[in-house]
Structure formats: structure tokens, C-alpha cells
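Q: Put together the whole structure using the sequences plus the hints.
Under the working numbering, think of the first position of the sequence shown as 19, with each following residue one higher.
Just so you know, the hints here were simulated from the structure itself, not pulled from any lab data.
Just so it is clear, CB atoms sit at the ideal spot from N, CA and C, and this is done for glycine as well.
If you anchor each label on the Cβ, the simulated ranges turn out as follows:
(1) Ser45 with Ile128: 25 to 35 Å
(2) Lys73 with Phe49: 36 to 46 Å
(3) Ser84 with Val56: 22 to 32 Å
(4) Ala21 with Asp108: 32 to 42 Å
(5) Glu75 with Lys110: 38 to 48 Å
(6) Leu54 with Lys110: 11 to 21 Å
(7) Val56 with Ala136: 19 to 29 Å
(8) Ile40 with Ser103: 15 to 25 Å
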Amino acid sequence: KMALLASVPMIIGGVAALGAYILLMGSMSVFVIPWLAVYIGLASDDAIHICMAIKQERRPLPEVLSHVGSMIVLTSVTTIIGFGSLIFADLKIVQWVGVWISIAMCCELIASLFLLPALLTLFDRRSSLPKFADRHSAA
Numbered sequence: 019k020m021a022l023l024a025s026v027p028m029i030i031g032g033v034a035a036l037g038a039y040i041l042l043m044g045s046m047s048v049f050v051i052p053w054l055a056v057y058i059g060l061a062s063d064d065a066i067h068i069c070m071a072i073k074q075e076r077r078p079l080p081e082v083l084s085h086v087g088s089m090i091v092l093t094s095v096t097t098i099i100g101f102g103s104l105i106f107a108d109l110k111i112v113q114w115v116g117v118w119i120s121i122a123m124c125c126e127l128i129a130s131l132f133l134l135p136a137l138l139t140l141f142d143r144r145s146s147l148p149k150f151a152d153r154h155s156a157a
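A: Structural data, given as C-alpha cells:
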């Protein structure tokens with residue numbers, strides 16, 4: 019369950035960036051597709067760090083986010099700056115890949131810091147509720 023929830027920010031960031039790329043470029047280039055693997059590798063780290071910190075530290079979500087959140091922001095910002103610097107490359111496709119991954123990482127970071135904790139809280143509350151059958155068998 020946690021692995022599926024951890025993939026949500028990555029999917030949101032990728033879809034938002036692909037949409038922005040297609041809006042700006044008009045179509046998708048075949049040369050961008052191999053960079054999807056790079057994005058998946060980069061984007062999955064943030065959510066994994068949050069989920070593992072919650073699972074291992076067994077502290078409340080706000081404490082985990084205050085501890086892990088600053089590290090996630092720092093690593094994501096350095097990645098965004100690094101790929102954003104590709105805008106100065108000579109090849110247009112390399113420039114657009116840098117822009118695409120930078121946009122995707124921004125969207126993924128926002129989703130990891132805001133949407134993922136909300137989803138984890140929501141599903142944690144739902145799993146702690148008694149099951150429907152349990153409530154009616156006790157009556």
C-alpha cells in the first residue's frame with residue numbers, strides 16, 4: 019500500500035511535465051523517452067525517503083516531515099538546478115530535456131511534500147477504522 023502511495027508524486031510530476039512539454043513543443047520527441055528512466059529514478063527517492071522515515075522512526079508525520087523534508091527540498095533543488103543548467107546546451111533537445119526534468123522535479127517535490135502526507139494520513143485513518151463486518155458482528 020505504501021509503495022503505491024509513494025509512486026503518486028512521481029506520476030503527478032511526470033504527467034504534469036509531459037503535458038507542459040507537449041504544450042510548449044507541440045509534440046513529444048523520441049529522444050525524451052529514455053530520460054523517463056532518469057526521471058523515475060530521481061523522482062522516486064523523495065517519496066521513498068518520506069515513507070521509510072515514517073515506517074522506521076514511528077514518529078508523527080509532522081515530525082518526520084520537519085526532519086526529512088528539508089533534506090528532500092535540498093536534494094531536489096540541486097537536481098532542478100543541475101538539469102536546469104542544460105538550458106545553456108547547444109542542442110535544442112538537450113535544452114528541452116533539462117527543462118522537462120526540471121519542471122517534473124518541481125511538480126514531484128510539491129506533490130511529495132503536500133499530497134503524499136495527505137494521502138498517507140487519509141489511508142492510515144481508513145485502515146485504523148474497524149472493518150464493516152467487525153462493526154456488525156459485535157452488535
